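Taking the hints into account, I'd like the entire structure generated from these sequences.
Residue 1 is where the sequence shown starts when you use the UniProt record's numbering, and the numbers rise one by one after that.
Read the hints as simulated data drawn from the structure, not as lab findings.
A few of these clues could be false.
[Stated by the list, open to error] In silico DSS-like cross-links for lysine-lysine, where the CA-CA straight-line distance does not exceed 30 Å:
#1 Lys69 / Lys94
#2 Lys94 / Lys74
#3 Lys155 / Lys69
#4 Lys155 / Lys94
This one's a predicted model, so the numbers in the text were calculated from it and none came from an experiment.
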Amino acid sequence: MKNMITRLAENSDTPPSQTVIGCIETLSQGHEFLETLSHEDYVFIAHPHVCSSIGEHFRHWLDLFLAIKLEPSKIDYNVRRRGHVVERDLDVAKQEIRDLIEWLFALPSSDLNQAVVVETEVMLSQTHVEEVSSTLIRELTFVALHATHHFAMAKVVASLRGVDSESSFGVAPTTATYQRAQ
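Rendered as structure tokens:
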């Protein structure tokens, strides 16, 4: 994975923004974590502690990135692929991550501050979709941080399976900054 990132960076005409680099770091962490898992680990549901498998968590945050990639001017976070093969197949998840990294490297920095419309459901008790204004850079930041949250949950499931993870896996950037300052 690191070789791929190095290769993509060397082939880029302009260096990616720090936000894009942060997204790529997040995606790379996810890919490296998947390299430590077996198929059984990926689909295991640790009832009653966690009600979703690692694969379901990965599908969820991959869906958020894909919502941006598929329609960056009008992002619909309600489009989900529940039950998709990515929830059950490590190789599909790894390939989606590699594809997203390539997309991010190709994303022009000039696009990052463009205005976007975001659609998302906002209520549990009833269906209610809100449209809000945002920017592409804000939404990329959001989905990377959201992925980190799901990494923390996946790390718990992996630990229950006896799989060790990197200490920084599932740690938010602000937490890492705090830890470095200690």
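Verification of the hints:
no., hint, verdict
1, Lys69 / Lys94, "holds (17 Å)"
2, Lys94 / Lys74, "holds (26 Å)"
3, Lys155 / Lys69, "holds (26 Å)"
4, Lys155 / Lys94, "holds (17 Å)"
The structure fails none of the hints (numbered hints given earlier).
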